[in-house]
Structures are given as C-alpha cells and as structure tokens.
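If you want the building blocks of each chain, they are given just below.
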Amino acid sequence: MRVVVDFDLCESNALCMAAAPEVFEVRDDDYLYVLQEEPPEELRDKVEEAARRCPKQAITIEG
Amino acid sequence: MAGRTIVVVGASLAGFRAAEELRARGHDGPIAVVGDEPHRPYDRPPLSKQVLAGTQPPEALALTPAEGSVEDLGLDWHLGTTASALDLAAREVVLGGGDRLPFDGLVIATGARAKQLPGTDHLSGVHTLRTVDDCLSLRKALEAGPARVVVVGAGFIGAEVAATCRGLGLEVSLVEALPVPLERGLGPTMGAVMADLHRDHGVDLRLGVGVVRVEGGDHVEAVRLTDGTVLETDVVVVGIGVTPNTDWLEGSGVPVDNGVVCDATCRVAPGVVACGDVARWPNRRFDQMMRVEHWDNAVEMGAHAARTLLADLDGLSGEPYAPVPWFWSDQYDRKIQLAGLAGPDDEVQVVAGSVDERRFVAMYGRGGRLVGVLGMSMPAKVMRWRPMVEQGTPYDEALAAARAAS
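Residue numbers (our numbering), protein chains in the order written: chain A, 4 to 66; chain B, 78 to 483.
None of these hints come from the bench; they were simulated from the model. Ideal placement from N, C-alpha and C gives every residue a C-beta, glycine not left out. Each hint should be verified, as a subset may be incorrect.
For the chain A half of the interface with chain B, some residues (derived, Cβ under 7 Å), not all of them [what the hints assert, rightly or not]: (1) V29; (2) V37; (3) Q39; (4) P42; (5) R55.
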C-alpha cells in the first residue's frame, strides 16, 4: 500500500493525524508530514479512515 | 449475507459513506441508492467557498471511495428520484413515481433542507445554499456584480457566504438576530471574536436585529429590519438553518422528533438505521441526544450506521456511536475548527496564540470537564488536544496541559 497526498489540496485539517497518527503528522508549523509513504498492511483500516475523513479528499491509497 | 438487498435513501455524504462501508465490510448483495438530486454524490462544503468564488469547478466535487472508483462499488442509482413513503410492514420504500423498492436492510440518510424566509416564495433574487444547483444560481447572481448582498443569518453558511462575497469584492450586509455571529456553534465569547473577524474584512454587521420582511415585486428590492433599517439590495442569501427531511416517513412508524430518532448504535427499527443530518441519537460520551449537521459526522456516522445494519441483519447488536463532533469552517484566510461542543454557558479560555492576531486555541469547560477545543488557524493543536475531550479531562488539568505545551 502506498499513501499519496495531494499537497495542493491539503489544508492541514489534521483529521488524518487523528485517524492514523503512525502515518500522518501535522506539526506545530501546521504542515502535514507523511511519516510512512508505504505503511504496513495492518494500518490499512486506519489509512482508509484517514482518506475518508480528509475534508479535501487529498489522500489516495495505491495498491 | 449474500443476496440481501439494502436500500440507501439519500445520495449525499452520509448515504455514500454508508454504501462504501457496506461494501468494505463484505456486503455483496444489491445496494440501491435513492437521491432526490439528479447528481451523483458530491461534496458540499466548497459550495459556500471555492465553487461559489469560481476557483473550483463543480465537476471536482464528486465523492470517491477511499480506494478504487465509485463504479467499483456496484451501486444501483435512483437519482432525481424522491422517496415518498416507507412501508415498514412490507419492507419497501415507495418512490415518488409510485415504484417500490423492496429491502432487507434500510439506511435513512435523507439529510436536511434549507429553511426559507417566510413570504419570499414569489421573489427572485432570494437564495438559499444547500445544493450545487443553488450554488451555481447564486454564483450567477454574484457575477452580475450586485451593489450589495444581504446575508440573513450568521451561522456557518451565512458567515462563509459573507466571507466569499467580500473576497469577490462585493459589499455585504450580514444580518443576525442573535447578538453575535455563530453564537449557536461557538457561544457568545468566541462569537464576538468572529464578529471582529468579519468587521476586519469590511462586512456591514447588523447584529441583534431580525428581518421584518423582504420587499420587492417580482425581484427582491430591499430587506426591512426590526430596527427600522431598510437595506436596498437585489441579492439576498438566507442561511437560517435547516429542517430534517423526514416528511416521507410520516405514518411509517419510524420515530421522528427533530430528525429520525435512533438508539445509541444508529438503529431505528429492525433492519433500519439512520445517519447524517437527519439522524438524532443519544451520544453516550456526552450523555445527551444529538443531531449533528457537520461534514465529519456524516462521514463517520454513515460508516457506523452501515456496520450496525450489517450486525443487526445477522442478529447481532451494533456498537454505540459516541464520537467527539468535529467541524471546520474557512472564512477569509482563517480556518476555524472545533473539536467537541461549545455551549452558550460554557467557560472559555484562550490557551495558545492570540485572539488579536486571529490565530489561537480556546478551550470550553462545562461542569468542570473539558468539552470543546476551538482553533483559529492552529489546526495541529486542535487535533493534538482533541483526545482530552474524548477522555473527559478535568477542565483545569486540560488548561494547564495546553499552556505547558504552548
């Protein structure tokens, strides 16, 4: 599984960080950092939730 | 579960996320989706912002699943179609044209509709904003370059429309019966901060006054206020709240009281669940009945209701749905976010940043507990401190922890 964030869409709403903190972190500079671009399969449910809850639909999952 | 038919009534965010979750959880029977608009499910928040401003095309609004395409979900669409009745005994949804859709499981996700100002039915130029068609109609009116836009109601829709209109260089009067904007959502103290934000940007705020009537022949000409002021205008935007779409359930036996009344798991009746703006349920985390009109709730409750429905069809109980509500609102270049609740009688304290700089975080306390975290353009901190709301952290402890981290 590969996580792709469209940073042109991302507005740092940080819902992804709440859903999958292992993968997404919005730091105090209010920018999103992707901690793991290819997270392990056991995180799939969390990453899918992050994608669904992104208000900008900026997250896609490949593979 | 093979072969079971599920009908989802409502083709917006909650219904769509419910359908997606049904597939994600292995439901392989037919799923019919009924929507009164002619469009496939689309995202509404940009309708008061980017699409209204003309910076995002409406085609970009289409909702997609977390993985794959909408087509992969294999949904049977009944678009441009209203549900007119529910026959629970026969387990059928009756459509406007008289057709009947039989179901084993039903998801009620009919949302809500914008309230209209009384006495404006005959007037053109009076807009509400709920659908993409509403948005395009309003955009056309704004493109004509009106001398003034009068926005009635300073809730989220009204405040966002006012901000978007100012961004387009239009003069805006924002009329609100309560003393401050967004009072219902943010309480009076932070509502006053929102009033300042709109004043910073040149909005003509008319607070604590109501609308006597909207005047005009065929087209709107003026709005007369309770303080005697007459605001001349040819575009009025009305954002005075919504009414849950429950008319079609009248006489069905489904309990309706300011929305469809669900149990703590989103279940309404055997094999029937509800979600999104139309659903009212007891949120055990806050020990109160809630009907939440926010985007994030539609996503989460849609998925939750789908899981409850599948459990119920298998003779099992669903899990309680007990979220901490979350919403955001973009106004001007500010991002307003609230995790939790914010009531008019709550204590409010700023714990990070500065109100004067319009960049801060405030915490709401009720009964000695932290119940809400509000941010203006500080998204990381709001989300980092949200778990303290989930845990019901004592208010003093939350304030101290936040200040120590700032």
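Status of the hints after comparison with the structure:
1. V29: At about 4 Å, which falls below the 7 Å cut-off, the nearest Cβ of chain B leaves the hint on A/V29 intact, so it holds.
2. V37: 15 Å, violated
3. Q39: Violated, because the Cβ-Cβ distance from A/Q39 to chain B comes to roughly 17 Å (cut-off 7 Å).
4. P42: 14 Å, violated
5. R55: Holds: closest Cβ of chain B sits about 5 Å from A/R55, inside 7 Å.
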